[in-house]
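There are 2 protein chains.
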Amino acid sequence: MRNKVYIVGMGPGREEMMTKEALNVLNQADVIVGYPLYLKLLGERYQGKELLSTPMRHEEERCRICFEEAEKGKRVALVCSGDAGIYGMASLMYEIGKEYPEIELLVIAGITAASSGAAVLGAPLNHDFCVISLSDLLTPWDKIEKRLRAAAEGDFVIVIYNPSSHKRKDYLKRACEILLHTIEGERVCGYVENIGREGTKMGISTLKELKNKEVNMFTTVFIGNSESEIIRGKLVTRRGYHVEKQK
Amino acid sequence: MRNKVYIVGMGPGREEMMTKEALNVLNQADVIVGYPLYLKLLGERYQGKELLSTPMRHEEERCRICFEEAEKGKRVALVCSGDAGIYGMASLMYEIGKEYPEIELLVIAGITAASSGAAVLGAPLNHDFCVISLSDLLTPWDKIEKRLRAAAEGDFVIVIYNPSSHKRKDYLKRACEILLHTIEGERVCGYVENIGREGTKMGISTLKELKNKEVNMFTTVFIGNSESEIIRGKLVTRRGYHVEKQK
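Top to bottom, those sequences are chains A and B. The first sequence runs 1332 to 1578 under the numbering used here. The second sequence runs 1332 to 1578 under the numbering used here.
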């Protein structure tokens, strides 16, 4: 049997939001590799295992550690927050994996912030949607702008990942300004901070208000589509089922 | 404490792909409500509980059953495949819930087919993406076309839900024709059938080939973006991390 590396989505952080499959993989692993914060989120329960990490921006090195440990015959799990395949490490593992063809790669899906944040806000993603990251570390800003415009023109619900960071404090404002060319200022929006962790906070606002909202890097932002509405204080987008209006 | 209905995402079907939270909610429920197929997917393990279902197209009635059972003081879980908030029952529950303000609603996120299908195919969603359903039961086809065009113009990876049904055998072909106005025929694509169930099948093709591919209603289709590629037989979209080319 070939040696394997499991690339595991941890979901938002709380163990209960991991799948049974992901928990089984971590339980059976000899080595768990991850960004230090994620290893910390896993808590005390994996202290008996070998925990290896590299700092931010050292993702390539982190991948190589996985392959090298797997070559030694160890059972390796690489953990990522959310879903490992959505802005996670899965694609980099495949790229670097070209050099390690004898090691098999398996992605274990996890709950991404679009899903977990939507559950907190109500049901904003019940129809077609886009997910866009505002991080321009690895993507040119004009490409991000183009996608925001296309998403608005397609009347998609829009989920924004990485809406802010220390160096990009005004990015959400810039994104809202672009969206406001197409979308009315009263469009309903929502945001969730620290999904599935201590101190989860949600808020509902209009797009106009969102433009001036300061959010942190642990926030996921949702822009409704033309059919989204606020029901019982939650952000809801109809799937299209038409319920007769109540008298 | 208010009576509650939990709206639970089951993920693709296998119990191991449910979150621990979802499994706990089902274990503690008195009544589990769902579409008959989903109750069947839950298997034998919940036989001790009251299992209630309504046929397809009777979604509104299914929601009302949940509220009525909760009014009796029972612990109710409504199950949906994938994520209950993504083309699931969550938004309809909020709409009908206007009539039952005393019942609290809680959405428990699940793994949607975009995540679980991506894990099977490799790492196609590692950058910005759109999710579009081709079902025109509840959405006019011209709106679907508009979204396909916008998604192609934004260079999003595109995930297609409900690509086909008995009555809509040529919808994927029609969708591909629209995409081919903007996207080259050689663009890499993938599809997964019966994700997380028995008989999971995946395939890789070009967009041109996909146009003539017959898929069934249990298939999820992925159209790569301009940076997607095939690595080790898998569909991979770079996050943007640039790995130096190998000699």
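There may be inaccurate statements among the hints.
Identical chains blur together in the list; that is why a pair holds if it fits in one copy or across any two.
Stated by the list, open to error - Here are the simulated lysine-lysine pairs, DSSO-like style, with alpha carbons at most 27 Å apart:
(1) Lys1335 <-> Lys1532
(2) Lys1500 <-> Lys1380
(3) Lys1500 <-> Lys1532
(4) Lys1335 <-> Lys1474
(5) Lys1539 <-> Lys1500
(6) Lys1351 <-> Lys1539
(7) Lys1532 <-> Lys1542
(8) Lys1351 <-> Lys1380
(9) Lys1477 <-> Lys1403
Honestly, the hints are just simulated from the structure, not real lab data.
The hints, checked one at a time:
1. Lys1335 <-> Lys1532: between (38 Å within a copy, 21 Å between copies)
2. Lys1500 <-> Lys1380: Classified as neither: same-chain Cα gap 38 Å, cross-chain 51 Å, threshold 27 Å.
3. Lys1500 <-> Lys1532: Cα proximity of lysine 1500 and lysine 1532: one copy only (19 Å, versus 44 Å across).
4. Lys1335 <-> Lys1474: Neither way: lysine 1335 and lysine 1474 sit 35 Å apart in one copy and 44 Å across, limit 27 Å.
5. Lys1539 <-> Lys1500: Within one copy, since 17 Å is at most 27 Å while 42 Å is not.
6. Lys1351 <-> Lys1539: neither (41 Å within a copy, 38 Å between copies)
7. Lys1532 <-> Lys1542: within (18 Å within a copy, 44 Å between copies)
8. Lys1351 <-> Lys1380: both (19 Å within a copy, 22 Å between copies)
9. Lys1477 <-> Lys1403: neither (45 Å within a copy, 52 Å between copies)
Violated hints, listed in ascending order, are 2, 4, 6 and 9; each of the other numbered hints is respected by the structure.
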